[in-house]
Amino acid sequence: LGQVQLKLGDFRSALTNFEKVLEIYPDNCETLKALGHIYVQLGQIEKAQELLRKAAKIDPRDAQAFIDLGELLISSDTGAALDAFKTARTLLKKAGEEVPIEVLNNIGVIHFEKGEFESAHQSFKDALGDGIWLTLLDSKTKTYVIDASASMLQFKDMQLFHRFENDGNHVELPWNKVTVLFNLARLLEQIHDTVAASVLYRLILFKYQDYVDAYLRLAAIAKARNNLQLSIELVNEALKVNGKYPNALSMLGDLELKNDDWVKAKETFRAASDATDGKDSYATLSLGNWNYFAALRNEKRAPKLEATHLEKAKELYTRVIVQHTSNLYAANGAGVVLAEKGQFDVSKDLFTQVQEAASGSVFVQMPDVWINLAHVYFAQGNFALAMKMYQNCLRKFYYNTDAQILLYLARTHYEAEQWQDCKKSLLRAIHLAPSNYTLRFDAGVAMQKFSASTLQKTRRTADEVRSTVAELENAVRVFSHLSAASNLHLHGFDEKKINTHVEYCKHLLDAAKIHREAAEREEQQNRQRQEAARQAALAEEARRKAEEQKKYLLEKRKLEDEQKRLRQQEEHFQRVKARIFYICSIKIFKFDCSQ
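Positions -10 to 584 (this note's numbering) are the ones given, in order, by the sequence shown.
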């Protein structure tokens, strides 16, 4: 009766009957699993977990109990869920049974979320088994991948698969493997193998043209390659399948915003919000972003309109946070609005919390919050921390190759009066964006400021002045090039302003040359004085050594004379001694003869 009620959806009645069974058979695993399922339907997740854990403990060889437990834990405790799925996989393999695709897919997804990409890749491949995807990813068929790469900008091109069919291959993709294949493609995209990822997305679309998310991922790859037009076309293909799909509408709005089509973007974001009756957080968040960017638009800025847009953005971000308290993007947006209003301490705390939360997820890449935090440090005058944050963001997310962040870093060095570091950052940015004339102008200003600050010093070396002359010559060259480019309307700088910089740098250059001549004269005089002092020191040293040598020789001679005197005295003593001995010997001899 309980099973019938369960199938009919009468969960309360089914619960009553299964609990009666459990009273009689408290260790019956099937009853425990059924009750766990009922509690899930009733929203009592903790109770369901307790029952399923008990079932798995009673019969540790029941693979289904571990599968049910893993599915229940996957949203709250991914580590425990992974252990449960792996246990189920081991039990099924030992029993010689086939491991369900869903179990292998879940194992792969959890590894993916943990950033364990190799394990995730293997799990997805195990779930997929043999198929056309192996041929597409096989190194032996690189020619197909190369052809796919050559047509990367034609993501709607399906000729690759027609060629496979013409070569005698069967392009088959069972529906129960589509999700796994999509996840594998998403993994390849995450590890920056976008060529292989795009091929798999197109394979899905080749067999299932209504798979909207594959269009959106292809659009994301095109967007990452700065091909906004192609990205918009692909999103529109998705909207042909489902014109009210909120994710597609929100993505289209983002692209239109990047394309500077503000009116269309606002209409698209509203359509995305209306499609879910205002319940889609991404659409609401996108509308908040639209209002924020509208507040900051350069042309025709009006204080009242700016304040209105900021307040509307704050309202929309807050609405998302109320619906989803863990939405990091909404929290970041709210922090930005607070910072724009000058509430730096509050926004800094908010950005720090978002940064810490984002660091714990492989799926959440939020360089914006690092930049925003650096902006707050900059606004508070904490230039050292701002520089550190910009540098860390540049290294962590952009491999030190983002001109805009280098510009932020240069601005911080500029405000800290670190002119040479400012120039170095700008030169790196110019290398990355050689057609950006603003960077060249800023580099010229940095050279000008360095030179002016050096010339204002009360004491400066000749090397510093020579370096100043070289910097001013470079600055004149930079501003002169910009002046020439202004005649061709290649940038938006005022020619008079550029010429003012040229004249000012030339004026500084003339002054610097005079200072250089004076510094070089002083340097020459210092060298001469140092040389004279050195020669005098050498002469004094030579005199001292001569005196020491003379003294040494005198002492040596005195010592030798003393030794000679002592030796002569000793010799005299020995002679006298020998003579006395001789006389005494004669006297004794004479005495003996008389007897």
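One or more of the hints may lead you astray.
[As the list claims (entries may be wrong)] Derived DEER-like restraints, expressed as beta-carbon distance ranges:
hint, residue 1, residue 2, range
1, Val167, Asp266, 23 to 33 Å
2, Ala528, Asn389, 31 to 41 Å
3, Ala521, His561, 36 to 46 Å
4, Arg152, Gly118, 32 to 42 Å
5, Lys446, Leu527, 31 to 41 Å
6, Asp550, Leu527, 47 to 57 Å
7, Lys82, Gly104, 48 to 58 Å
8, His496, Asn389, 34 to 44 Å
[To be verified] The calculated lysine-lysine pairs, modelled on BS3-like cross-linking and capped at a C-alpha distance of 27 Å, are:
hint, residue 1, residue 2
9, Lys293, Lys247
10, Lys103, Lys75
11, Lys566, Lys545
12, Lys253, Lys303
13, Lys413, Lys502
14, Lys534, Lys495
15, Lys547, Lys534
16, Lys196, Lys255
17, Lys247, Lys212
18, Lys82, Lys114
19, Lys233, Lys253
20, Lys247, Lys303
21, Lys212, Lys233
22, Lys247, Lys166
23, Lys114, Lys103
24, Lys75, Lys212
25, Lys229, Lys166
26, Lys566, Lys534
27, Lys502, Lys553
28, Lys303, Lys268
29, Lys293, Lys330
30, Lys293, Lys303
31, Lys46, Lys83
32, Lys377, Lys413
33, Lys495, Lys485
These aren't lab readings, by the way, just hints derived from the structure by calculation. Nothing here was measured: the structure is a model prediction, and the numbers come from that model. Just so you know, even glycine gets a beta-carbon here, dropped at the ideal spot from N, CA and C.
Results of checking the hints against the structure:
1. Val167 x Asp266: 23 to 33 Å: About 29 Å separates the Cβ atoms of Val167 and Asp266, which means 23 to 33 Å holds.
2. Ala528 x Asn389: 31 to 41 Å: Violated, since Ala528 and Asn389 (Cβ atoms, about 57 Å apart) do not stay within the stated range.
3. Ala521 x His561: 36 to 46 Å: 59 Å, violated
4. Arg152 x Gly118: 32 to 42 Å: Since Arg152 and Gly118 have Cβ atoms about 23 Å apart, the given range 32 to 42 Å is violated.
5. Lys446 x Leu527: 31 to 41 Å: 34 Å, holds
6. Asp550 x Leu527: 47 to 57 Å: 34 Å, violated
7. Lys82 x Gly104: 48 to 58 Å: 26 Å, violated
8. His496 x Asn389: 34 to 44 Å: At roughly 37 Å between Cβ atoms, Asn389 and His496 fall inside 34 to 44 Å, so the hint holds.
9. Lys293 x Lys247: 25 Å, holds
10. Lys103 x Lys75: This hinted pair holds, its Cα atoms lying about 15 Å apart.
11. Lys566 x Lys545: 31 Å, violated
12. Lys253 x Lys303: The given pair, whose Cα atoms are some 22 Å apart, holds under the 27 Å limit.
13. Lys413 x Lys502: 24 Å, holds
14. Lys534 x Lys495: 56 Å, violated
15. Lys547 x Lys534: Satisfied, since the Cα-Cα distance of roughly 20 Å is no more than 27 Å.
16. Lys196 x Lys255: 34 Å, violated
17. Lys247 x Lys212: Roughly 10 Å between the alpha carbons, so the hint for Lys247 and Lys212 holds.
18. Lys82 x Lys114: Holds, at about 17 Å.
19. Lys233 x Lys253: 16 Å, holds
20. Lys247 x Lys303: Cα-Cα ~21 Å, so holds.
21. Lys212 x Lys233: Judged against 27 Å, a Cα distance of about 21 Å means the pair holds.
22. Lys247 x Lys166: This hinted pair is violated, its Cα atoms lying about 35 Å apart.
23. Lys114 x Lys103: 18 Å, holds
24. Lys75 x Lys212: Violated. Lys75 to Lys212 sits at ~37 Å, over the 27 Å cutoff.
25. Lys229 x Lys166: 24 Å, holds
26. Lys566 x Lys534: Measuring from Cα to Cα gives roughly 47 Å; hence the hint is violated.
27. Lys502 x Lys553: 74 Å, violated
28. Lys303 x Lys268: 17 Å, holds
29. Lys293 x Lys330: Roughly 13 Å between the alpha carbons, so the hint for Lys293 and Lys330 holds.
30. Lys293 x Lys303: 15 Å, holds
31. Lys46 x Lys83: 18 Å, holds
32. Lys377 x Lys413: 16 Å, holds
33. Lys495 x Lys485: 15 Å, holds
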